[in-house]
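Heads up: the sequence lines are chains A and B, in that order.
Here the numbering used here = 1-based position in the first sequence + 66.
Here the numbering used here = 1-based position in the second sequence + 6.
Any given hint could be a false lead.
Here are the simulated SDA-like cross-link-like pairs (lysine to any residue), alpha carbons at most 25 angstroms apart as the crow flies [said to hold, decoys possible]: (1) B:LYS131 - B:ARG95; (2) B:LYS110 - A:GLU247; (3) B:LYS110 - A:GLU152; (4) B:LYS110 - A:TYR151; (5) A:LYS340 - A:SER309; (6) B:LYS245 - A:GLY354; (7) A:LYS340 - B:ASN184; (8) A:LYS333 - A:PRO317; (9) A:LYS316 - B:PRO260; (10) B:LYS202 - B:VAL298; (11) A:LYS231 - B:LEU58; (12) A:LYS340 - B:ASN12; (13) A:LYS392 - A:HIS337.
Derived by calculation from the structure, the hints in this document are not laboratory data.
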Amino acid sequence: MVRQRLSLVVLLYVGSLAATTPAIAPVTLAENPKASPMNVTLPQLVGGWTLSGPAKRVEPNAIFDYMDGAGELYLGYRFKFLDVYEYTKPGESDILVELYLMDSSGDAYGLLSGDWGGDAVDLASDPGHATPSVVRALYGAGLLRIWSGDLYARVLTYQESDASKQAVLAIGKAIVAGRPELLAPRLIQSLPQAVGQQFALRADRAVYLRSHLVLNSAYFLSSENLLDLGLDCEMAAAVYRGSAGAGSPKPVHVLLIRYPGEAEARKALAHFQKVYLSGKLSAAGDRGAVSIEDGWAGFIRSGRGIGLVFEAPDESSTNLFLESSKQALDNVEAFHE
Amino acid sequence: MSEKSNALTRRDFVRGTVGTAVAASLLGTPLETEAAPAIKSYVAVVRNQAALDPGNQVNEPVLREMLTQALNAVTGKSDAASAWRVLVRTSDIVGLVHTDHLNKTHPELVELVKTTLKEAGIPEKNIWMVQGSPDKVKQCNALISLPALKAHWLTGIGTVFKNYITFTGSPSSYHDANNAKLGEIWNMPHVKGKTKLVLVDALRPLCDKGPQPDPRYMWQYKGLIAGTDPVAVEAVCLKVIMQKRQALRGEPWPLSPPPMVVEMADKRYGLGTSNLEEIGINRIGWMEDVLV
């Protein structure tokens, strides 16, 4: 598996991640192309694979019938519905196309951000034009994942070949054709690229999420939803790598959370303090840093935003992270209002 | 400040409040301890380099040989028919429980189990496919669990205990954080005591992002993992998954969330042992990258 490390500049439209645009299979549009409610028109024929029929629509209340055990991931974002298509070709593995319509571009981005592994591909540009400025699609071992506005897509072949890869990428190009390219959520953009002189953001570990189940997949805090997360919240979960002089080789974990209002943020912070920092705080407050079993933990609230720091090597670095978290949260707030 | 809460937190894992296997999966700490407690359960790990071709097609004669080796390791009987007769009676109604959804059990394995059960004298009419049917399970005397090995984004691992989720008639009640309680299904009256063998399809496991298939994280392990202690089998499966993750990334890659279902199946539901130091692993066949 080839893995390319993303840098923050990728997320911020200033990137320089190299990727070679592979050859794309020729496509034939359907005779009566009918755009789905997602404004996507899939090709009828692509590289010898034929679209086998109309979409199977999966509504949120039926998602567990389609994918028992995986539906929570999509319901953890603001999911509207899923359309499933299949392409078949004699002697070749089928190609599965899943188009998830989300409530916002941020929700679709969040699904992509759960795993930055794979090769970045630029589906919107002409063949030969390399170097996507923003990572919107990742391909690896037969699976193409796409963030395209409010759409998240998975295009999968179980048995990868040169031909199936070309077909998968051609389908990906059709999916994004004519769709808007939007920015990453501002909370993600607000993550500082560096904290102090010693800590650098690992953009290939930055996840945008709303649900505590998704948080636990990125960074396990508790079996309980002790940050009171929900679909009306948003979080950027980030990892910072320490330099040799940072005092610890362990990464530092940062969570930036925005709640619907200040009251919700206050309540969530109190919940977190009571459960997670039980026995460590003498009094509640909006800012603090304490030493716990796996390093230093810190918290800060600013308006409706909360910043949390975990596994920092010492108190001073924890405070650095808290300052940068507050600044990031305040910047997002200033942009929105 | 303090508040009573039933929540398990990251701090509990760091403090060692929960078992070593589960904590190790989250924290990347060593699994082994210095003490060497007595072996309580045995698990067979059978592998054959020729089990799959490069196109992931199953070599059925090789798979048959592997099944025989697994059954031999579990029962001590040298042929499959004799081994099955140790595990089930010819008068039993035997329910086969395969994974039929998202990273399915290879159908060749399911068919092979059926075939060898028939060769052991179990009438074909008494071999039932019972996945998804609690009513059929109620009528079975014996169950053979045939899950496929996979990591699970919500439970850490989604193999042995997850395989019986439909037997409750209410799978959704085990979604979200309730996944940790999957072990209780094995103690339900219509399920308890019926599982005679857990035979995990580890031919091509999935070590991340399950249950949705993601070929980036699937690899040809070419193995079967078998035992009569479901917790021990799940614990060995967990170690295979963890070791593969670390090998893929070349750095600790915690399994998150931690697979609390394994810990709870042991400590709360008493279904077996999750401590790898108390599990005897019988490795048979191809040893390259065996991971356990």
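Violations among the numbered hints, reported as their numbers in ascending order: 2, 5, 6, 8
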